[in-house]
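If you read the sequences in order, they're chains G and D. Per my numbering, the first sequence starts with residue 1, numbered consecutively. Per my numbering, the second sequence starts with residue 1001, numbered consecutively.
Worth flagging that the hints you see were computed from the coordinates, not collected in a lab. Ideal placement from N, C-alpha and C gives every residue a C-beta, glycine not left out. Hints may be right or wrong, so weigh each one.
[As the list claims (entries may be wrong)] Short, incomplete list of chain D residues facing chain G, as computed with Cβ under 10 Å:
1) S1028
2) G1029
3) Y1032
4) H1034
5) Y1036
6) S1041
7) Y1046
8) V1047
9) L1051
10) R1081
11) D1082
12) A1083
13) Y1087
14) R1091
15) G1106
16) Q1112
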Amino acid sequence: NAGVTQTPKFQVLKTGQSMTLQCAQDMNHEYMSWYRQDPGMGLRLIHYSVGAGITDQGEVPNGYNVSRSTTEDFPLRLLSAAPSQTSVYFCASKGGDRHNSPLHFGNGTRLTVT
Amino acid sequence: DAKTTQPNSMESNEEEPVHLPCNHSTISGTDYIHWYRQLPSQGPEYVIHGLTSNVNNRMASLAIAEDRKSSTLILHRATLRDAAVYYCILRDVSWGGADGLTFGKGTHLIIQP
């Protein structure tokens, strides 16, 4: 059981380039979300999805797009990367009693934008 | 969500118990207390959660004050592998939509061999 898998582990982009951070979970969880973590700060919610075909914005959604065509996958797209998007990105999912069951996190994608 | 206050860092010795405090004086009746930890270069990992009663699982124990304004995560016998940042988070289960767990800066736990 792989849990939450994020790819790639590391990525370097130039300003203005686009890319997609991949997230997949094999636990049949309805809820998935994306966080970013910056040095000295906690995790901040970017986007989330409560099920296939449904997405919504979190605390810091600007510059990022998401889609949820399947239960398993929740990719995060950067359309035009900016240095301010240099961060570590974590994908998380949860199932069961959505309000009170634990979040399962991937091991992150470390993104550098130059 | 109500806020929590944790010490920035704590140090303990290997094989000794560790008590990690968390203050949450503005907690509401529908807030659950969650603890996560983050090991170096990994994503956060769920540790334990509770509402009013003390809770135990294979990783840790959670002691909740009677007035619920504070709680303590207890690691009964710390190992080097327990060195991590520990986050105390309040989760309002009456709130729908985003599971926007608010991760603050947490407590950096250092374990000395």
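Is the interface hint for V1047 (chain D) satisfied, with its Cβ closer than 10 Å to some Cβ of chain G?
holds (9 Å)
Could you check if D1082 (chain D) really has its C-beta closer than 10 Å to a C-beta on chain G?
Violated - the Cβ of D1082 (chain D) stays beyond 10 Å from chain G, reaching only about 18 Å at its closest.
With 10 Å as the cut and Cβ atoms as the points, is R1091 (chain D) at the interface with chain G?
R1091 (chain D) check passes; min Cβ-Cβ to chain G is 7 Å, inside 10 Å.
Restraint satisfaction for G1029 (chain D) [CB to CB of chain G, less than 10 Å]
This hint is violated: G1029 (chain D) lies away from chain G, its Cβ roughly 14 Å from the closest one there, beyond 10 Å.
Are Y1087 (chain D) and chain G close enough, Cβ to Cβ, to be under 10 Å, as the hint says?
Cβ of Y1087 (chain D) sits 7 Å from chain G, so the hint holds.
Evaluation of the interface hint that places Q1112 (chain D) against chain G, nearest CB under 10 Å:
At about 24 Å, which exceeds the 10 Å cut-off, the nearest Cβ of chain G leaves the hint on Q1112 (chain D) violated.
Given S1028 (chain D) as an interface hint, is its Cβ closer than 10 Å to any Cβ of chain G?
Hint on S1028 (chain D): violated, closest Cβ of chain G at ~14 Å, above 10 Å.
Cut-off 10 Å, beta-carbon criterion: hint that L1051 (chain D) touches chain G
At about 9 Å, which falls below the 10 Å cut-off, the nearest Cβ of chain G leaves the hint on L1051 (chain D) intact, so it holds.
Would you settle whether the hint for R1081 (chain D) is holds or violated, based on the nearest Cβ-Cβ distance to chain G being less than 10 Å?
Violated: closest Cβ of chain G sits about 16 Å from R1081 (chain D), beyond 10 Å.
Classify the hint on Y1036 (chain D) as holds or violated, based on whether any CB of chain G lies nearer than 10 Å to its CB.
Interface hint status for Y1036 (chain D): holds (8 Å vs cutoff 10 Å).
Closest C-beta approach of Y1046 (chain D) to chain G relative to 10 Å, hint status:
holds (3 Å)
Using the nearest Cβ pair, does Y1032 (chain D) come within less than 10 Å of chain G?
Check passed: Cβ of Y1032 (chain D) comes within 6 Å of chain G, closer than 10 Å.
Comparing the model with each numbered hint stated earlier shows that hints 1, 2, 10, 11, 12 and 16 do not hold.
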